[in-house]
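Using the sequences and the hints, build the whole thing.
Top to bottom, those sequences are chains E and P.
Residue numbers are given in our numbering: position 199 of the first sequence equals residue 199, and the series is strictly consecutive.
Residue numbers are given in our numbering: position 238 of the second sequence equals residue 238, and the series is strictly consecutive.
Derived by calculation from the structure, the hints in this document are not laboratory data.
Each hint should be verified, as a subset may be incorrect.
Covered stretches of chain E, as calculated for chain P (at least 3 residues, CB under 8 Å) [as the list claims (entries may be wrong)]: (1) 28-36; (2) 50-63.
Listed next, the stretches of chain P that the computed footprint assigns to chain E, with coverage defined by at least 3 CB atoms under 8 Å from CB atoms of chain E [unchecked claim]: (3) 108-121; (4) 269-282.
The beta-carbon is built from N, C-alpha and C at its ideal position, and this holds for glycine as well.
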Amino acid sequence: MKTLTDNWSTYWDGFLGTLSLFAVSAVLSLVLGVLIAGFRVSPVRPLRVFGTVWVTVLRNTPLTLLFFIVVLGLPRFDITLPFYTFAVLALGCYTSAFVCEAMRSGVNTVPTGQGEAARSLGMSFGQTMSLVVLPQAYRSVVAPIGSVMIALAKNTAIAGSFSVTELLGTYRTINELGYSIVWTFVWIAVGYLIITLAVSAVFNLLERRVAVSR
Amino acid sequence: MTVESSALYDIPGPKALARHRLYGGIALLLIAAVIGWLVYMMFHTHQFTYAKWQPFEYRGVQDLLLRGLGNTLQAFGWTVLFALPFGALFAAGRLSDHRVVRWFATLVVEFFRAMPVLVMIFFVFVALKVQPLWALVAGLVLYNGSVLAEVFRAGVLAVPRGQREAAFALGMRKTQVMTYVLVPQANRAMLPAIISQLVVALKDTSLGFLITYEEFLHAGKLIATNLDYDLPFIPVVIVIAPIYIGMCLLLSWLARFVEKRSRRSPSTRGGAPVVKAGVAMGLPPSAQQ
Numbered sequence: 001m002k003t004l005t006d007n008w009s010t011y012w013d014g015f016l017g018t019l020s021l022f023a024v025s026a027v028l029s030l031v032l033g034v035l036i037a038g039f040r041v042s043p044v045r046p047l048r049v050f051g052t053v054w055v056t057v058l059r060n061t062p063l064t065l066l067f068f069i070v071v072l073g074l075p076r077f078d079i080t081l082p083f084y085t086f087a088v089l090a091l092g093c094y095t096s097a098f099v100c101e102a103m104r105s106g107v108n109t110v111p112t113g114q115g116e117a118a119r120s121l122g123m124s125f126g127q128t129m130s131l132v133v134l135p136q137a138y139r140s141v142v143a144p145i146g147s148v149m150i151a152l153a154k155n156t157a158i159a160g161s162f163s164v165t166e167l168l169g170t171y172r173t174i175n176e177l178g179y180s181i182v183w184t185f186v187w188i189a190v191g192y193l194i195i196t197l198a199v200s201a202v203f204n205l206l207e208r209r210v211a212v213s214r
Numbered sequence: 001m002t003v004e005s006s007a008l009y010d011i012p013g014p015k016a017l018a019r020h021r022l023y024g025g026i027a028l029l030l031i032a033a034v035i036g037w038l039v040y041m042m043f044h045t046h047q048f049t050y051a052k053w054q055p056f057e058y059r060g061v062q063d064l065l066l067r068g069l070g071n072t073l074q075a076f077g078w079t080v081l082f083a084l085p086f087g088a089l090f091a092a093g094r095l096s097d098h099r100v101v102r103w104f105a106t107l108v109v110e111f112f113r114a115m116p117v118l119v120m121i122f123f124v125f126v127a128l129k130v131q132p133l134w135a136l137v138a139g140l141v142l143y144n145g146s147v148l149a150e151v152f153r154a155g156v157l158a159v160p161r162g163q164r165e166a167a168f169a170l171g172m173r174k175t176q177v178m179t180y181v182l183v184p185q186a187n188r189a190m191l192p193a194i195i196s197q198l199v200v201a202l203k204d205t206s207l208g209f210l211i212t213y214e215e216f217l218h219a220g221k222l223i224a225t226n227l228d229y230d231l232p233f234i235p236v237v238i239v240i241a242p243i244y245i246g247m248c249l250l251l252s253w254l255a256r257f258v259e260k261r262s263r264r265s266p267s268t269r270g271g272a273p274v275v276k277a278g279v280a281m282g283l284p285p286s287a288q289q
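In C-alpha cells, the structure reads:
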C-alpha cells in the first residue's frame, strides 16, 4: 500500500498517460478502420487492393517492429513529431487493420436479400446503408470491436519503452527509489485491470443494448 | 466485383462501371503519388548510398543478423513447446467437473488474458531477475497459453452434443470421452485458430527487443545505430521488415491452407464446424461464446 500512496503522482501520471494514449489511438484506429473497411467493400478495384494489402501487411507486422519503424524511421525523413504522436500513429495504424476486419465481417453478416429488398423498395444507396445495412451490421460488430479495443489498451504498454509516459514505464522511476519491485508491479497490474475491465464493461453494456434475438 | 459485397449495391451498369473506373484511376494516382513520395524521400535523404549498404557485405554483420533471427526463432520454438501443453492443461481445468479446479483454471486464464504481455515479461525480467530469453518465453507462454486454453475449450464445446452423449452411452469414462471423441474433433476444427494464435506468438517475440534479448530487431538496431556504417536505419528496415513480416505471413498462409483443407476433408463432416483462420488481436472470434 505504501508503494502506491508514496508514488501516487507517478502512478497517476502513468495511468492518465495510458488512458489518453488509448483514447486517442482508439479514435484514430476506428476512423482509419472504417475508412479501410469501406475501401475493402467498395466496387473500385484499386481501393480494394489497397485495403487488402493494408490489412494483410499490418496484421502480420509485429507491433514492436512498427514502433521501431515509426519512432526511429520517420525522423530519418525529416519528420520530427513528439514521441506521443508517433506512438499514437503506430498504435492507430496497427489497430485499424483489426478494426477493419471486424467491420467488414460485420457488414458481411447482413444477408444479401436485405440490401436487395431495400433497393427494390426504391431506397437510395445512402438510405440502404443508414436504415438497413449498418444498423444490422452494428449489432454483430460491437463484440469483436470490444475485444480489439481491450487488446489496444494492453498494447499501449509497448509505448513506454519508446519514451512515452505511460503506466508500465513508471516501474523504472519507482524502482530507482527503492520500493518493493513486486508491489510496484502489482499496482501497475491493478491499473491495467481497471482500464481493461472498464472497456469490457462499456462494450458489454453496448452489446446488451443492441442485442436482439434473431 | 465480389459476391460478398453485393448486399451493398446492385451489379453496376455501363454508367456506374465508367464511374468506378474513373474513381479507380484517381485512387491509383493517389497511391502512386504516396509511393513516389516515399521513394523520393529515400533518394533525397541519401538512403541508397554505398556507405549505408556496405555493412551488409561484412561477414560479421551477416552473422549478427542471422544470430538474431535464430534467437527469435528459438524464443518462438520454446513458446510453442510450452504454450500448447499449458493451453491444453488449463482448457481441461476449465472443463473439469470439479468446481475448485474449474474456478482456479478460470481465474488463471482470465487474469493472464487481461494483463498486457509486456507487463508479465517485465515482471519476470525485472522482479524475478530471469535471463531475457526465459523472461520473454515465460510471458509469451502465460499469455498465448491462456488464449489457446480458450480456443481449445471453445473447440471442445463446439463438438455437437450427440457425440458426447453417444460416447457416454457406449459406456466410456469421462477421460475416454474427452481423449477419444471430443479432443480429436475439436483439434481438427480448431487447428486454423491454433496456428493463427502461433502467428501472434511469433509477432510478440519481437517484445524481446524491449528487454534487451538479442533477437532480430536488436541485431538490426545494433547495425542501425553504428556511426561507422553512417547510421543505415532505413536500409536495416528494408532488410529486416520483409523477413519478419514474411515469416508471419507464411504462418498465416499455413493457417489458411489448413482451414481450406480441413473444410474439404470428410473427417470434419458432421463434427464441430471448422473455424476461420485469421490473426486476431485479443481473443480470436472462434473462442468467444
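The hints, checked one at a time:
1. A count of 0 residues in the region 28-36 of chain E with a Cβ less than 8 Å from any Cβ of chain P is obtained; the coverage claim is therefore unmet, three being the minimum.
2. With a cut-off of 8 Å between beta carbons, the region 50-63 of chain E has 8 residues touching chain P; three or more are needed, and the interface restraint holds.
3. Chain E is given as covering the region 108-121 of chain P, and this holds because 6 residues of the stretch bring a CB closer than 8 Å to a CB of that chain, at least three being needed.
4. With 5 residues having a Cβ less than 8 Å from any Cβ of chain E, the region 269-282 of chain P passes the three-residue criterion, so the hint holds.
The earlier numbered hint that this structure contradicts is number 1, and it is the only one.
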